[in-house]
Amino acid sequence: GGIITQTPKFLIGQEGQKLTLKCQQNFNHDTMYWYRQDSGKGLRLIYYSITENDLQKGDLSEGYDASREKKSSFSLTVTSAQKNEMAVFLCASSMGGNNERLFFGHGTKLSVL
Amino acid sequence: GQQVQQSPASLVLQEGENAELQCNFSTSLNSMQWFYQRPGGSLVSLFYNPSGTKQSGRLTSTTVIKERRSSLHISSSQTTDSGTYLCAMGLSGSFNKLTFGAGTRLAVCP
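Going down the list, the protein sequences come from chains A and B. Our numbering numbers the first residue of the first sequence as 1 and each following residue consecutively. Our numbering numbers the first residue of the second sequence as 1 and each following residue consecutively.
Just so you know, the hints here were simulated from the structure itself, not pulled from any lab data. Remember, it's a predicted structure, so these values are computed and weren't measured experimentally. A few of these clues could be false.
What the hints assert, rightly or not - Here are a few chain A residues that face chain B, going by a calculated C-beta distance under 8 Å: (1) Pro8; (2) Phe10; (3) Leu11; (4) Ile12; (5) Arg36; (6) Gly40; (7) Met95; (8) Arg101; (9) Phe103; (10) Gly105.
Said to hold, decoys possible - Computed cross-link-like contacts, DSSO-like style, restricted to lysine-lysine with a CA-CA straight-line distance of at most 30 Å: (11) A:Lys70 / B:Lys97; (12) A:Lys70 / A:Lys57; (13) A:Lys9 / A:Lys109; (14) A:Lys109 / A:Lys83; (15) B:Lys54 / A:Lys83; (16) A:Lys57 / A:Lys22; (17) B:Lys54 / A:Lys9; (18) A:Lys83 / B:Lys66; (19) A:Lys70 / A:Lys9; (20) A:Lys57 / A:Lys9; (21) A:Lys9 / A:Lys71; (22) A:Lys109 / A:Lys18; (23) A:Lys22 / A:Lys71; (24) A:Lys57 / A:Lys109; (25) A:Lys83 / A:Lys57; (26) A:Lys71 / B:Lys97; (27) B:Lys66 / A:Lys9; (28) A:Lys109 / B:Lys97; (29) A:Lys18 / A:Lys41; (30) B:Lys97 / A:Lys22; (31) A:Lys18 / B:Lys66; (32) B:Lys54 / A:Lys41; (33) B:Lys54 / B:Lys97; (34) A:Lys9 / A:Lys83; (35) A:Lys109 / A:Lys22; (36) A:Lys83 / A:Lys22; (37) A:Lys57 / B:Lys97.
Note that the Cβ used here is the ideal one computed from N, Cα and C, for glycine as well.
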């Protein structure tokens, strides 16, 4: 088995601040994902990466940057936090990318003051 | 418009009752997954079920592609089944992109 570790678990930011979320996986999976989960809504894909140094935009990429410098890690940056924003950011990975089974981390809960 | 519709949005059961959760798609798909999320917790993969029926313990997933639907049946519910159940579909021609439903919030009372 493997595990996906997201840091930090909780993130409190100020309006306009640049915030970085990190994700590590030891499944040796090729594909990694960042999703955003808002209360009462389904998960929305922000960015994904099919291999080291690859980046693909999802449906919600505006306002975010991502980086996949190693196969095992995938980071997400909120370029300018929005006031009163509150959401959970979930990192996931899969062996390949053809809609294979996804494994998720525990999430980073973001609150912007 | 929304491509994945889950129903019901919420459900309250007495322990021991059965539940049927539905997921309907507006377009053709090539994969379907069911996830479970405890409040404040991570998503746990329950089934990867592109078609047909799969069973794991008290849980059964059935996907009928032609009818563009998938269901999750929970038999003899327990209080520990409480949480949110999410379905996600992979669209045909949409490599790597799962589209999630909004989820069904299940509460099982003792």
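Quick rundown of the hints versus the structure:
no., hint, in the structure
1, Pro8, "15 Å, violated"
2, Phe10, "11 Å, violated"
3, Leu11, "15 Å, violated"
4, Ile12, "16 Å, violated"
5, Arg36, "11 Å, violated"
6, Gly40, "7 Å, holds"
7, Met95, "11 Å, violated"
8, Arg101, "4 Å, holds"
9, Phe103, "7 Å, holds"
10, Gly105, "6 Å, holds"
11, A:Lys70 / B:Lys97, "21 Å, holds"
12, A:Lys70 / A:Lys57, "18 Å, holds"
13, A:Lys9 / A:Lys109, "6 Å, holds"
14, A:Lys109 / A:Lys83, "15 Å, holds"
15, B:Lys54 / A:Lys83, "44 Å, violated"
16, A:Lys57 / A:Lys22, "17 Å, holds"
17, B:Lys54 / A:Lys9, "34 Å, violated"
18, A:Lys83 / B:Lys66, "45 Å, violated"
19, A:Lys70 / A:Lys9, "21 Å, holds"
20, A:Lys57 / A:Lys9, "24 Å, holds"
21, A:Lys9 / A:Lys71, "22 Å, holds"
22, A:Lys109 / A:Lys18, "15 Å, holds"
23, A:Lys22 / A:Lys71, "13 Å, holds"
24, A:Lys57 / A:Lys109, "22 Å, holds"
25, A:Lys83 / A:Lys57, "24 Å, holds"
26, A:Lys71 / B:Lys97, "19 Å, holds"
27, B:Lys66 / A:Lys9, "41 Å, violated"
28, A:Lys109 / B:Lys97, "23 Å, holds"
29, A:Lys18 / A:Lys41, "25 Å, holds"
30, B:Lys97 / A:Lys22, "21 Å, holds"
31, A:Lys18 / B:Lys66, "46 Å, violated"
32, B:Lys54 / A:Lys41, "27 Å, holds"
33, B:Lys54 / B:Lys97, "23 Å, holds"
34, A:Lys9 / A:Lys83, "20 Å, holds"
35, A:Lys109 / A:Lys22, "12 Å, holds"
36, A:Lys83 / A:Lys22, "22 Å, holds"
37, A:Lys57 / B:Lys97, "10 Å, holds"
The structure fails to meet hints 1, 2, 3, 4, 5, 7, 15, 17, 18, 27, 31 from the earlier list, while all remaining hints are met.
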